[in-house]
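Undergrad: Below, each chain spelled out in residue letters.
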Amino acid sequence: MRSFIYYVREFLRPEWIRKFFSVKTAPLETPTYFKDYPALTGKECTGCFSCMMICPAPGAIAVLRKKDEWEPEVYPGHCIRCGLCVEACPEGVLSSGRILDLTGHDRTTFASWYHLEVDDNLCMRCGNCCVSCPVNRQIDPQLAGTGTSASDEVIMRIEGGRVRILHEEKCTGCKTCEENCPNRAIRVARMVEGVHLEEAEA
Amino acid sequence: MSILQDIKNAVRSRSIHVAYVDVGSCNGCDIEVLACLAPRYDIEQYGIYVHNNPREADVLLVIGSVTPQWVDKLRDIWDKIPEPKVAVAIGNCPISGCVYARRGTLTSPPVEKYIPIAAQVPGCPPRPTEILNAILSVAPLIYKDYEEKQL
Ligand code: SF4
Ligand code: SF4
Ligand code: SF4
Ligand code: SF4
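Top to bottom, those sequences are chains A and B.
Heads up: the first sequence begins at 1 in full-length UniProt numbering, then just goes up one per residue.
Heads up: the second sequence begins at 1 in full-length UniProt numbering, then just goes up one per residue.
What follows is a list of derived Cβ distance ranges for each label pair:
id: 1; chain 1: A; residue 1: Glu193; chain 2: B; residue 2: Lys80; range: 48 to 58 Å
id: 2; chain 1: A; residue 1: Gly47; chain 2: B; residue 2: Lys80; range: 44 to 54 Å
id: 3; chain 1: B; residue 1: Asn52; chain 2: A; residue 2: Gly47; range: 41 to 51 Å
id: 4; chain 1: B; residue 1: Arg55; chain 2: A; residue 2: Arg187; range: 47 to 57 Å
id: 5; chain 1: B; residue 1: Val11; chain 2: A; residue 2: Gly173; range: 55 to 65 Å
id: 6; chain 1: A; residue 1: Tyr33; chain 2: B; residue 2: Arg75; range: 36 to 46 Å
id: 7; chain 1: A; residue 1: Met52; chain 2: B; residue 2: Ala10; range: 42 to 52 Å
id: 8; chain 1: A; residue 1: Gln138; chain 2: B; residue 2: Arg103; range: 22 to 32 Å
id: 9; chain 1: B; residue 1: Ser13; chain 2: A; residue 2: Met191; range: 49 to 59 Å
id: 10; chain 1: B; residue 1: Arg75; chain 2: A; residue 2: Val195; range: 48 to 58 Å
id: 11; chain 1: A; residue 1: Met1; chain 2: B; residue 2: Gln45; range: 28 to 38 Å
id: 12; chain 1: A; residue 1: Arg164; chain 2: B; residue 2: Arg75; range: 45 to 55 Å
id: 13; chain 1: A; residue 1: Glu193; chain 2: B; residue 2: Gln45; range: 40 to 50 Å
List time: in silico SDA-like cross-link candidates among lysine to any residue, alpha-carbon distance up to 20 Å:
id: 14; chain 1: A; residue 1: Lys19; chain 2: B; residue 2: Glu44
id: 15; chain 1: A; residue 1: Lys19; chain 2: B; residue 2: Arg14
id: 16; chain 1: A; residue 1: Lys35; chain 2: B; residue 2: Leu132
id: 17; chain 1: A; residue 1: Lys24; chain 2: B; residue 2: Leu136
id: 18; chain 1: A; residue 1: Lys24; chain 2: B; residue 2: Ala35
id: 19; chain 1: A; residue 1: Lys24; chain 2: B; residue 2: Leu37
id: 20; chain 1: A; residue 1: Lys24; chain 2: B; residue 2: Asp42
id: 21; chain 1: A; residue 1: Lys19; chain 2: B; residue 2: Gln45
id: 22; chain 1: A; residue 1: Lys19; chain 2: B; residue 2: Gly47
id: 23; chain 1: A; residue 1: Lys35; chain 2: B; residue 2: Thr129
id: 24; chain 1: A; residue 1: Lys24; chain 2: B; residue 2: Gly47
id: 25; chain 1: A; residue 1: Lys35; chain 2: B; residue 2: Asn133
id: 26; chain 1: A; residue 1: Lys35; chain 2: B; residue 2: Ile31
id: 27; chain 1: A; residue 1: Lys24; chain 2: B; residue 2: Glu44
id: 28; chain 1: A; residue 1: Lys35; chain 2: B; residue 2: Arg127
id: 29; chain 1: B; residue 1: Lys149; chain 2: B; residue 2: Pro84
id: 30; chain 1: A; residue 1: Lys24; chain 2: B; residue 2: Val11
No wet-lab data here; the hints were simulated from the structure.
All values reported here derive from a predicted model rather than from experimental measurement.
Ideal Cβ placement from N, Cα and C applies to all residues, glycine included.
The shape of chain B in the complex, shown without the other chains (with noise of 0.2 Å):
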């Protein structure tokens, strides 16, 4: 059991995958994230593949500061990644509002209160060196002997 765990954690130490949502940002954070892409940053050489498909993802990145026709639909993506799988907010915006939390504007922050947030990237926007050292140490913590947490 322990040696199959064994080859678990090595197998998923190389191979996160990533899924970005922008609830209502004004795309900064956006252009971070795919910042991390190029080949400056290269996040592909930690093992971390961005596609945006919920049902193959494992780290959810949430940017943006929710607005009303995301509150369900962010919902509704977080229930369709599988387990384990975990959230992390890039940005002002997903945990204060950032600029736009101000009177009369439509957005309603954090978006602590739609998904579960295990991280938080702060920074408008933050740098890409920011968000790869977030992924890359949050991912582990919750993928690491996963099954045998579950028992």
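Isolated chain A, as found in the complex (with noise of 0.2 Å):
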């Protein structure tokens, strides 16, 4: 009995009955260190697309030609607010969140370059890779339509009826070889590295 009329009275506090209708958690607030979609900082976009380059989401991101200056775009509904733009941005366009603190803090940047691979299986040693990519062309006006090249200095030939990669570092990551390939069999892949600058870079 007696803890009955404890409970009642517990429950008829007005202080409890206040809480009971109106308690609600705390407003929620959006954290500092939350990484938003990525905002314009204000400082000079050269246009070098680095940021174009890493996005991994389609579409999300456009550097768009702005009277006379470079201004990228960020899609929201095709962002996936990775941040990795704001990390790559050689010039600190774009920030969001802390990465730039971060990264300026850690002196961390990305080295990026692109990685050819031809599947043999698919191969039918064609050519068309060699002979469409523009590097090679320049490189070697002379490229026979085979895909067969005297030069030592292209990016990739066909050698002993089979495409050989020579210099994969020349490749500017155009995709061009992959949208000739009639099998889908090269493709070109963006390989990125988080480095870490020594003390006199940074």
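Hints in hand, dock the two standalone chains.
TA: And the structure:
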């Protein structure tokens, strides 16, 4: 009986009744470290397209020519707020959360290159990739229609009935070879590595 | 009539029933919807109740970028929800297909092709607060004075 009275008394306290009807969790604020859509910092964009190159989401960012200057534009609904563009931009044009502070503090940056790979099972040795490659064309204007070349400086050439990749590092990542391959045998992959800047460079 | 409508408005503003459907996503957005239910965000304190029953739902949260198997089923679910109803697209997937919008994938976004979408919450995934705000701001627009608007 005593416990019953105790309970009733406890639940009749005005404080308890007030809380019962009005209690809410604290207003939800977005923390300052939240990585929101990248915003412009106002620094000048040089139009190097590093941000577009690194972006993993299709159609999320475009660097547009506005009057006389370049300006990146991020599209919500496509952007996944990964923040890679913020980190990749050498000029610090974009910012999001505390990414810039952290990369500045840790002196980290990205190094990237392109990796070419030919699946020998799919490749039919047509040479389309070697011929269509604009870099190849520039290096060796004499490049034969079959993809063979006398030059050792080309990115890739047909050698002994196979595609041989000689100078991967010259690839600009345009993916023309991928588009012109009838069998989707050649793939261009962008490789990215986080690197730590030396004291002197930072 | 208008007193009755006022009562309905008041009741409905504190009683929004939500069903969510995942039509082919990575599950990231589902987990954020789940986080809305947890004590940190506590969606029920706003009078929003999540039970996955289209028959008693007011708001349908659509997650994911629509795989072929979902095309007709999504329509079925939408038809089962009684009026007044509203669909909210959660995440990038129903808006653009997100990372699945590439050559060779089977998804066919946007979800607007299949059912009418009243609001979109972009993000991959969106924050629970963004989901909450979207539901809270879109629901009254649809339900307020619903019967009077019908006349
Ligand atoms: S945050 Fe990520 S997804 Fe968004 S634009 Fe930048 S790189 Fe692309
Ligand atoms: S925003 Fe930065 S990374 Fe992108 S094009 Fe401009 S300078 Fe280059
Ligand atoms: S275009 Fe494709 S199939 Fe032709 S040689 Fe190059 S990788 Fe092989
Ligand atoms: S929007 Fe992103 S997090 Fe949400 S389901 Fe699609 S891929 Fe996953």
